[in-house]
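Student: Fit chain B to the given chain A structure using the hints.
Protein chains in written order, with my numbering: chain A, 1 to 464; chain B, 1 to 464.
No lab work stands behind these hints: they were computed from the structure.
Computed from a prediction, not measured in an experiment: that's the story for all the values here.
All C-beta atoms, glycine included, are put in the ideal place defined by N, C-alpha and C.
Take the hints with a grain of salt, since some may be wrong.
Label pairs and their in silico Cβ distance ranges [unchecked claim]:
1. B:ALA262 x A:GLY318: 17 to 25 Å
2. A:GLU263 x B:ASN245: 49 to 57 Å
3. A:PRO435 x B:GLY42: 52 to 60 Å
No more than 20 Å apart at the CA atoms, straight line, and that leaves these computed lysine to aspartate or glutamate pairs for EDC-like [what the hints assert, rightly or not]:
4. A:LYS320 x B:GLU208
5. B:LYS320 x A:ASP164
6. A:LYS320 x B:ASP365
7. B:LYS320 x A:GLU99
8. B:LYS320 x A:ASP402
9. B:LYS320 x B:ASP217
10. A:LYS320 x B:GLU99
11. A:LYS320 x B:ASP402
The chain contents come next:
2 protein chains.
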Amino acid sequence: VSETQTHQSLEAWFRAHGARIRDELFEFLRIPSVSTQPDRRGDVARAAEWLEQAMQRVGLSAEVHPTAGHPVVLGEWRGAPPGAPTILVYGHYDVQPAEPLDLWHSPAFEPEVRDGRIYARGATDDKGQLFLHLKAIEALLALRGALPVNVIVLAEGEEETGSDHLADFIAAQAERLRCDAVVISDSTMFAPGMPALLSALRGIAGFEIFVDGPSGDLHSGTYGGAVVNPAMALARILATLHDENGRIAIPGFYDRVREWPAEWRRRIAELPFDDAGFRAEAGVRELGGEREFSVLERVWMRPTCEVNGLIGGYTGEGSKTVLPARASAKITCRLVPDQDPGEIARLFRAHLERVTPPGVQVRLDYRQGSPGWRADLPEWLLGAARRATRVTFGREPSIVADGGSLPVVTDFERLLGAPTLLLGFGLPGENAHAPNEWLLVDNFERGMLTIAILLDELREVTPA
Amino acid sequence: VSETQTHQSLEAWFRAHGARIRDELFEFLRIPSVSTQPDRRGDVARAAEWLEQAMQRVGLSAEVHPTAGHPVVLGEWRGAPPGAPTILVYGHYDVQPAEPLDLWHSPAFEPEVRDGRIYARGATDDKGQLFLHLKAIEALLALRGALPVNVIVLAEGEEETGSDHLADFIAAQAERLRCDAVVISDSTMFAPGMPALLSALRGIAGFEIFVDGPSGDLHSGTYGGAVVNPAMALARILATLHDENGRIAIPGFYDRVREWPAEWRRRIAELPFDDAGFRAEAGVRELGGEREFSVLERVWMRPTCEVNGLIGGYTGEGSKTVLPARASAKITCRLVPDQDPGEIARLFRAHLERVTPPGVQVRLDYRQGSPGWRADLPEWLLGAARRATRVTFGREPSIVADGGSLPVVTDFERLLGAPTLLLGFGLPGENAHAPNEWLLVDNFERGMLTIAILLDELREVTPA
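Bound conformation, chain A alone (with noise of 0.2 Å):
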């Protein structure tokens, strides 16, 4: 059969089974498995149970695995020729809580299809797109009997509450979900019709500084002006961190920075990107940073040191003439290959002791860290994506970054040693942590199809 008559009868099945697939999927839906809140940890239970049986029902072999937490579920199927690789399929069941309930146009947990979308608590993040790998492994079992590759699902319950157990899951069973790569779609297209490669993540450093001065809050007539305050010496000290054109100036920290390939850089530019709708979501009139930079290549492909917050002093009402005793301030550091969480933490402390005036003590805690993330896919991969949304997009996946972190990606990448494909159908706009979330049914639709030419590509490729 042609690749044309295979799309076609892929496409002819879906259609076929629409109704059935959407009932099935809004039965998903209706399970509130918000893992953030303990009282509805029998829904999440559910859900698990639910998805297990999904799963055979597709033809899988599928099974709840307990862990600390809530549990994971894993399906199987590995009847593939040898020599065809192994994909794993990663997706979560769990979803963010749905209050504020007064603002749902229709309930969270009753889904609705209205203007062309579907209406639901985790109808993007990521029931739905979890739903339809299920889907396409469906549709290629049920016309051919097989699939063209191994396929491993990994769904877990505990995305949304910081995938506390996945990790230690991941690295007991790394023997049977051993694969040739990862696909995940929990993200988003650029814009409609725009389906997109998550390439890049930006890992994170997180640290709390406290600048402590006298023993107590002092009178600032008695004492000021031969005390040095510590409110003052922490913006000093803050005031390091940055030089007059944005670029951070703690010494050494660019040093590992990974120069972006210039055909990435390139391919950004090209995005059809509007400054003036970014400071409108920012709600800003005018942007700032590195300016050598473009807005996307700031946000995706450069490090920060932003302040989450700072405290210090008097802070109530009207006026208190302190002198005072501490101030603080959280910090988080935005990482970008190859910068090391540890190494920053390190070379922060000793900008510090640089820094710091006398008449203060400061002190550094080191709360959290993870690196930076870039994709590095191997030909095999990323030209089976580009060749299937060619066929249901009209055009090859944007390259895109997303300047948050996603630690799970980069533990499938160090624990399995696998390249990780992150192929999302949602859209920018879609409330995945808000009410009133939603899904467009025709990119649940296209997604469908995505995925079931995506393994079909990957079919004849022999990984490295």
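Tutor: Below, chain B without anything else, positioned relative to chain A:
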């Protein structure tokens, strides 16, 4: 009679009446005239009436003047020979709250003498020091039937709440209150045995600065690097307020700072001041500020610009990776003559316009202002004070200052045009606003004699 005989007869009178004087003082101290506590309003009124009668008993005509707040008690004696000066004695009969009560070793309003100290709320601030003026007047009237000078005693009941109605009262009664000098005992000596003239007070200009960025807190991953962080912008702005030598870097800030007389600086340098003691009091290992000035000069004669409090973004437990929408700081500048608070506000605002980075909006609220003060005492007044303390303490008063503010002093000079002599008999560490307030019995007794001699010394001088 010789001077020595005069002093001896005064001493003998105070000794003879010592027990009764103490009984009366204790009666005064027993009235819990806490002006800040609404449920003590009756006690404040009772203290005013008690004081009116006490003034009448010593031979003054006296009356209670209601104000919109607590009353003013006014006592007068105007029988001095033609050409004799008129001296206005100011003090206050209201006291600080006594709380926390459980930290007092004897009840706050049950005066008790222990180790040569009178323990009670108001003992030094200011009932004890006001009362010793009445007894000095009584002694002179008792011994001679007349005072050497005309005397007005003005006692207010709102000092501890900010003297809200005093300036209006003085302005309304300016004719009646016209005088050649104001004498106040509401301050401390420099050290035991070292009487002091409080000769300078710093003024104040109070501000709040708001730095606004995005319309709401943003995700620091999604926007960090391209949106200016208001907390960081605030830090960078605050860091421009001083140079690296601790000097205020607001252009024009020092333009009106009046030089101190070399003689004053020399006398301040000779004071037995211990940097280590000051550090220990403040609880710091090292001092800061302008190195070319001594510690006492820094807190007494130099202006400051201090952060009293700052806040922005997430300040709760743990971390929250926000790019804050706003950050703010409360700032007070301590001012010295001839800095003008309004002009300082204008200079500050102009400075902010220069240093505010693009991407944020800055607003400066000017909250309060009062100028600094420096005594400019005529020789007839200063000489009389010197001669008085030579008799009672064996030395001339030291020239001292206070880094805080005392608006009433500038009010008297502004509204009555009279020089103000601040000669106090308290001691550092007397817990004026804390539990276990005390006044040395010896200083109370020397205080009465000093004031009696001072009034006597003022007899023969003719003010300019």
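Student: None of the hints should be skipped; say for each whether it holds.
Tutor: We went through each hint and held it up to the structure:
1. A hinted range of 17 to 25 Å for the beta carbons of B:ALA262 and A:GLY318 is inconsistent with their spacing of about 40 Å.
2. Distance hint check: the CB atoms of A:GLU263 and B:ASN245 are about 51 Å apart, consistent with the given range 49 to 57 Å.
3. Taken as a hint, the range 52 to 60 Å holds for the pair A:PRO435 and B:GLY42, whose Cβ atoms sit roughly 56 Å apart.
4. Taking the CA atoms of A:LYS320 and B:GLU208, the gap is near 12 Å; set against the 20 Å cutoff, the hint holds.
5. At roughly 18 Å between alpha-carbon atoms, B:LYS320 and A:ASP164 fall within 20 Å of each other, so this suggested pair holds.
6. A threshold of 20 Å between alpha carbons decides the hint, and for A:LYS320 with B:ASP365 the separation of about 15 Å falls inside it, so the pair holds.
7. Proximity of B:LYS320 to A:GLU99 is assessed by CA-CA distance (about 19 Å); at most 20 Å being required, the pair is judged to hold.
8. In summary, the hint linking B:LYS320 to A:ASP402 is supported, as the alpha carbons are separated by about 18 Å, within the 20 Å threshold.
9. Note on B:LYS320 and B:ASP217: the hinted pairing holds, with a Cα-Cα distance of about 10 Å set against a maximum of 20 Å.
10. The hinted pair formed by A:LYS320 and B:GLU99 meets the criterion: a straight-line CA distance of about 19 Å does not exceed 20 Å.
11. Taken as a hint, the A:LYS320 and B:ASP402 pair is honoured in the structure, with Cα atoms around 18 Å apart against an allowance of 20 Å.
Checked against the numbered hints given earlier, this structure breaks only hint 1.
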